[in-house]
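**Student:** So the chains spell out like this:
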Amino acid sequence: MGNSNNVFDIIEKNTRWIYSKLGKDIVITSRVRLARNIKGYPFPHNMTNEQSKEIENILINIFLKMPFGTILIIDVSSLNELEKNILIERHLISKEFSENGTFSKVIIIPEKKLTVMINEEDHLRIQVIYPGLNLKKCWSIANEIDNYIDEKVEYAFSPNFGFLTACPTNIGTGLKASVLINIPSIKFLKKEKSIFNMIEKIGINIRGFYGEGSSPFGSIYQISSSESTGKTEKEIIKEIESVVKLIKKEEMNCIEEIKKNETLKTKIYKMMEEICGEKNSNASESYSIISLAFNLGILKIDNKEFKKLFFSFLSGYEKINNNFIFYKKEGKILKREIWETINV
Amino acid sequence: MSKCILCNNNPYVVIKFISGNYLHFCKSCWEKIKIFTLKNKKNKKKEKECPVCKYTIAEFNEYRFLGCDFCYEYFYNEVISYLKKIHTDIFFKGKYPKRFKNQKSNLKKIFISESSIDKIKIVNGKFK
Numbered sequence: 638m639g640n641s642n643n644v645f646d647i648i649e650k651n652t653r654w655i656y657s658k659l660g661k662d663i664v665i666t667s668r669v670r671l672a673r674n675i676k677g678y679p680f681p682h683n684m685t686n687e688q689s690k691e692i693e694n695i696l697i698n699i700f701l702k703m704p705f706g707t708i709l710i711i712d713v714s715s716l717n718e719l720e721k722n723i724l725i726e727r728h729l730i731s732k733e734f735s736e737n738g739t740f741s742k743v744i745i746i747p748e749k750k751l752t753v754m755i756n757e758e759d760h761l762r763i764q765v766i767y768p769g770l771n772l773k774k775c776w777s778i779a780n781e782i783d784n785y786i787d788e789k790v791e792y793a794f795s796p797n798f799g800f801l802t803a804c805p806t807n808i809g810t811g812l813k814a815s816v817l818i819n820i821p822s823i824k825f826l827k828k829e830k831s832i833f834n835m836i837e838k839i840g841i842n843i844r845g846f847y848g849e850g851s852s853p854f855g856s857i858y859q860i861s862s863s864e865s866t867g868k869t870e871k872e873i874i875k876e877i878e879s880v881v882k883l884i885k886k887e888e889m890n891c892i893e894e895i896k897k898n899e900t901l902k903t904k905i906y907k908m909m910e911e912i913c914g915e916k917n918s919n920a921s922e923s924y925s926i927i928s929l930a931f932n933l934g935i936l937k938i939d940n941k942e943f944k945k946l947f948f949s950f951l952s953g954y955e956k957i958n959n960n961f962i963f964y965k966k967e968g969k970i971l972k973r974e975i976w977e978t979i980n981v
Numbered sequence: 807m808s809k810c811i812l813c814n815n816n817p818y819v820v821i822k823f824i825s826g827n828y829l830h831f832c833k834s835c836w837e838k839i840k841i842f843t844l845k846n847k848k849n850k851k852k853e854k855e856c857p858v859c860k861y862t863i864a865e866f867n868e869y870r871f872l873g874c875d876f877c878y879e880y881f882y883n884e885v886i887s888y889l890k891k892i893h894t895d896i897f898f899k900g901k902y903p904k905r906f907k908n909q910k911s912n913l914k915k916i917f918i919s920e921s922s923i924d925k926i927k928i929v930n931g932k933f934k
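Chain order of the listed sequences is A and B. Going by the working numbering, the final residue of the first sequence carries number 981, and the count climbs one at a time with no gaps. Going by the working numbering, the final residue of the second sequence carries number 934, and the count climbs one at a time with no gaps.
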C-alpha cells in the first residue's frame with residue numbers, strides 16, 4: 638500500500654478538522670454517534686468470520702457509492718502503532734476497535750466530518766465530530782447518512798425497543814451525544830467534583846479523555862448522554878447543550894474569581910515556573926496549568942503555539958519522562974519561549 | 807408487504823409474540839420455530855436458547871449482550887426487566903426506519919398461545 642509515512646500523512650491531513658477549534662473556548666469537539674445493526678445477522682461478537690466479511694462488503698459497497706468526494710477506507714488491523722494512535726487520539730476509533738483483529742474497517746469521509754466503524758460492538762457505528770459546540774450539525778449529518786443507509790439495507794429494529802444493538806444500554810435511538818470540554822479554572826479551584834455530582838444526578842456521564850474507563854487529560858473531560866431511549870434524538874442533544882452552557886458559565890465565573898485574586902495568580906506563576914524547570918512533571922497536570930495560564934493571558938502565546946503544545950503533550954501522554962518538553966526539537970524551543978513569556 | 811423475519815422470503819403466517827410485535831414467518835421458518843419451541847418445552851432442563859443464533863439466556867445474564875436481533879423477541883421478558891434497571895424510561899420515542907412507516911400486512915392476524923401451537927392445522931396456507 639505504499640510506505641507507512643504516506644498512510645500516516647494521509648490520515649493526519651484528512652482528519653485535522655477535529656482539533657481545529659482548540660483554544661480558549663471550553664468546548665473542543667462535539668460528537669454524535671449512532672449505533673445500527675443489519676437485520677438477520679448476529680451481532681459482531683457472535684458472528685462467524687464469513688458473516689463479518691458479508692457485513693463489511695454490504696456496508697463498504699454502500700459507502701463507495703456515496704457522492705461525497707474523498708472516502709478513506711482503512712483496514713485498522715494493517716496499521717502500525719503510530720497510525721492507530723492518531724486515529725485514537727482524534728477520537729475516530731476506540732482503543733478496543735484498534736485491537737479487534739482482522740475484521741475492523743473504518744471509513745472516513747472528511748467532507749462530512751464523518752467516521753464509520755464497521756463491526757465494532759455493532760455492525761455500524763456512525764460518528765460525526767465537529768470542532769467546538771455544534772451538536773445540532775453533528776446530528777443533522779448523522780441523520781442524513783443514517784437515512785441514506787436505511788434506503789439500502791434493513792436495519793434491526795423493533796417498535797417495542799427501537800433500533801436493536803448488541804448491548805441493551807444502546808437500544809432505542811442508538812444515539813450518544815458527547816462533548817470534550819476543557820475546564821482549567823474549575824479544576825484549579827477544585828470545583829469540578831461538586832459540578833460533576835450535580836450533572837450525574839440528572840443522568841449525564843462525565844468521562845475521561847477517551848470516554849468510558851479512561852482518565853481525564855489535564856482538565857479535559859468528556860460529557861456524554863447516558864440514556865439512548867425514553868427520549869427523542871433532539872431531546873438528548875438539547876440536554877447536553879444545556880449542561881454545557883451551565884459549565885461554561887461556571888468556568889467564566891471561576892476565571893473572573895482567579896483574575897481578581899493576586900494570591901491565586903502568584904500561585905499559578907510559581908506552578909508555571911516549576912513546569913518550565915528541570916523537575917519531573919506529570920504531563921496531564923502540567924497541561925491543566927498551561928491551559929489555565931493561556932486562558933488567563935498569563936501565558937502569552939498564540940493559538941497555533943497552544944495547539945502545538947497540546948499535540949506534543951498528547952503524544953507523550955503515556956510516556957512521561959523528566960524532560961517531556963524536550964523530547965521533541967520543537968518542544969525545546971517552545972520551552973524557552975514559555976519561560977521568557979512569564980518572565981517579561 | 808412484510809417478508810419473513812428470518813429469511814426474507816414471502817410470508818406464510820403472522821404471529822403475535824409475547825412482546826406484542828407481529829412477526830412474519832415463511833412456512834419453512836415457522837415450522838422450524840414451532841419444532842424448536844415444542845422441543846424446548848419438552849426438555850425443561852435445557853436452558854433457554856435463541857433459535858436463530860443459539861445465544862443462551864445464561865450468556866445474556868453474564869455478559870449483558872444479546873446474540874442477534876431475534877434475541878430481543880425471544881428473550882423479551884428477561885430483556886425488559888434488565889432494561890428497566892438500566893434506563894429511566896424504556897418507552898421508545900425516537901425516529902423509525904422507513905420500512906416501519908405505514909406498514910400493512912395482507913395476512914390474517916393470528917393470536918396463538920404456546921399451549922395451542924400443536925393444535926393448529928394448516929391447510930393450503932390458511933389456518934383452521
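Just so you know, the hints here were simulated from the structure itself, not pulled from any lab data. Mixed in with the good hints, there may be bad ones.
What the hints assert, rightly or not - No farther apart than 27 Å at their CA atoms in a straight line, the calculated lysine-lysine pairs in the DSS-like style are these: (1) A:K789 <-> B:K904; (2) B:K833 <-> A:K702; (3) B:K901 <-> A:K871; (4) B:K890 <-> A:K789; (5) A:K789 <-> B:K854; (6) A:K941 <-> A:K907.
Unchecked claim - Here's a subset of chain B near chain A, in silico, CB distances under 10 Å, partners left out: (7) L812; (8) C859; (9) Y861; (10) I863; (11) F871; (12) Y882; (13) I896; (14) F898; (15) R905.
C-beta: ideal position from N, C-alpha, C; glycine also.
**Student:** State for each hint whether it applies.
**Tutor:** Cross-check of the supplied hints:
Distance hint between A:K789 and B:K904 is fulfilled; the C-alpha atoms sit about 11 Å from each other, no more than 27 Å. At most 27 Å may separate the alpha-carbon atoms for a hinted pair to count; B:K833 and A:K702 exceed this at roughly 36 Å. Distance check on the hinted pair: B:K901 and A:K871 sit about 10 Å apart at the alpha-carbon level, within 27 Å; holds. Only pairs whose Cα atoms come within 27 Å are accepted, and B:K890 paired with A:K789 is rejected, the gap being roughly 33 Å.
With a C-alpha separation of about 34 Å, the suggested pair A:K789 and B:K854 falls outside the 27 Å cut-off, and the hint is violated. Simply put, A:K941 and A:K907 have alpha-carbon atoms about 24 Å apart, close enough for the 27 Å limit, and the pair holds. A least Cβ separation of about 7 Å between B:L812 and chain A falls short of the 10 Å threshold, and the interface hint therefore holds. Residue-level restraint check for B:C859 holds (minimum Cβ-Cβ distance to chain A is 5 Å; threshold 10 Å).
Given the 10 Å rule on beta carbons, the hint for B:Y861 holds: about 6 Å separates it from the nearest Cβ of chain A. Checking B:I863 against chain A: minimum C-beta separation of about 14 Å lies over 10 Å; hint violated. About 5 Å separates the beta-carbon of B:F871 from the nearest beta-carbon of chain A, less than 10 Å, and the hint is met. For B:Y882, the interface hint holds, since its Cβ comes within 10 Å of a Cβ in chain A; the closest pair sits about 8 Å apart.
Evaluation of the B:I896 hint against chain A yields a held restraint, the C-beta minimum of about 6 Å falling below 10 Å. Proximity of B:F898 to chain A holds as hinted, the smallest CB-CB distance being about 4 Å (cut-off 10 Å). Given hint, B:R905 at the interface with chain A, holds; its Cβ is 6 Å from that chain's nearest Cβ, closer than 10 Å.
Of the numbered hints given earlier, the model fails hints 2, 4, 5, 10; all others are met.
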